[in-house]
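Take the two lone chains and join them into the complex the hints point to.
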Amino acid sequence: MAAVDTHNDAHTDDAAHAGHPSELVYIKVALGLALATGVEVLLSYHKVGGEHGTVALLLILAVVKFATVVMYFMHLKFDHPYFRRLFAIGIVLAVGCYCVYLSTLHVFHRPPLPH
Amino acid sequence: MSAVTEETPDTIAHGPDPHAHDGHPPTNTGVSNAKIAMWGFLGSECLLFGALISTYLLYRGRSVVGPFPKDVYDIPFTSVSSFVLLMSSLTMVLALSSIQRRDERRLRVWLLATALLGATFIAGQIYEFTSFVHKGLTIHTNLFGSSFFVMTGFHGVHVTLGIVMLITLWGMSMRGQLPPENAEVVEIVGLYWHFVDIVWIVIFTIVYLIK
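Chains A and B supply the protein sequences, listed in that same order.
Each residue of the first sequence is one higher than the one before, starting from 321 at the first, in my numbering.
Each residue of the second sequence is one higher than the one before, starting from 3 at the first, in my numbering.
Source of the hints: derived by calculation from the structure; they are not laboratory data.
Computed from a predicted structure; not experimentally measured.
Note that the Cβ used here is the ideal one computed from N, Cα and C, for glycine as well.
Be aware that one or more of the hints could be misleading.
[Claimed, not checked] Only some residues are given here: those of chain B computed to face chain A with a beta carbon under 7 Å:
| # | residue |
| --- | --- |
| 1 | L60 |
| 2 | S91 |
| 3 | L193 |
Isolated chain B, as found in the complex (with noise of 0.2 Å):
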């Protein structure tokens, strides 16, 4: 795939890249510009993230009626959820590997089997919601309630959109538009997936085991 290399001062340089060119058309860097936006479009998340996890570390412990974290949480719940959103990371690089080994049969069975997860833990968000309603906290409560339902709903969006994108390029698998040289669609729509599982595994950790 490298075989026709630009030669950019880089490449003059230091030879060869061998990652040039790997599935994407030539571009001045030798790497995939719709890969590198993507990479900067989930740096750019990390500072979204960051202020909401702030925010909520910042208000922590500063509510002056409750209901309070101890009153509401549900460890052994959210960490099935955990581990779902987890295993849907493993289900979701199988695609990738299948479309990238032109198994378009096992592809679409895993972005079904990673789309299943994700509205699984969608669901267990919504009960969770749910149930923290019935307990008497809503966003409006206290500071304790506005800054996790923000931050836990503005997490819940990214894996509603991940699963509309997910279930898209299954349609599109089905119709025949998703080949394998164009693997690279599926590997960009996967990072979107894992960014959304590792800023879950923060938010797991200081949200809810930190007491």
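Pulled out of the complex, with its shape left as it was, chain A reads as follows (with noise of 0.2 Å):
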């Protein structure tokens, strides 16, 4: 969507280097990730679907930001494809390696502390 507002916008001959956005697709992507923290913020105070499917909603959202600012602000979805292996490498890497050591220890599935 925004790769087509890319060649549409009045700026793209101005904004427009090695294909990266215009500044009008900057704006709408920070306005859309403000809107996306307040719904986050939201969701901690007003709980949909009881507490796993809040905490389910938040990490989509968090994902969805992450995704947007690294596609969009740091250009991944524009650059060549090799800088977005080299990070996918370092998040693949740090996910699947930390996910299996809190699941080594039980984090996801232990009982509170009575305090």
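Given below as structure tokens:
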């Protein structure tokens, strides 16, 4: 969608560099991110779908925000695939390694301490 | 820019690379070595912050003495800090766009705006740390305090280093040492800045919002 905006915006001729989006696209993306942050904060106060449903929604929103910044502001969507692969290696190693580590220690299924 | 493309096995097999030599000296891969180095560094930083966040999760709810997270967190305040850091990513990308359009005056405005937003975030973090200490939570108090201060402290140090880089770029531009031909320098500092933003996106959700 934004890739189409890239070619349609009036600023494209000035701003486009190596296929980067226009400033208008950046502003739209930032507004979307701000909106997502607002929804996250609301969700933390007003649970939707119980505790597990809220956690799932918060994690989904965080992943969407993360991916949006990486793809648009860091230009991974438009840059050479080498950069995507390099970053993906770090992300996959980190998430995979630490999920296994935390699962091994039963972090996701342990009862809370009585306070 | 890609008129001169080296005949690497890749280019012979697939034709000229549309990204090749985009504002940087020719390289074997056709992409900037400096950008490859920064992306590799950011990939390794994922492992560093992954370790810190995992340690926080491991110790979450394991403290036997307070204060506990619910006693100290101020979600509205931290939400505003998060919003400030998120908007600094916008100003950073506008700085890059400005230098790519050869508009050095706007580049300096956006660089300074990004540094100021980053400084606002750090000021908020210092205020938050101070209020936590006043509520009895220090790095020595319990497992929550240790893991929280180490994780957010490391992130704060990264943001502070980013501010130093931004001010350095601003100073270079003021002295005429950052011509539009060197836009890649701004892009590389921008990659680092956006990275500290995405790390905060994860920390904000996992540490503050998920109870």
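Against the structure, the hints:
no.	hint	result
1	L60	6 Å, holds
2	S91	5 Å, holds
3	L193	6 Å, holds
Comparing the model with each numbered hint stated earlier shows that all of them hold.
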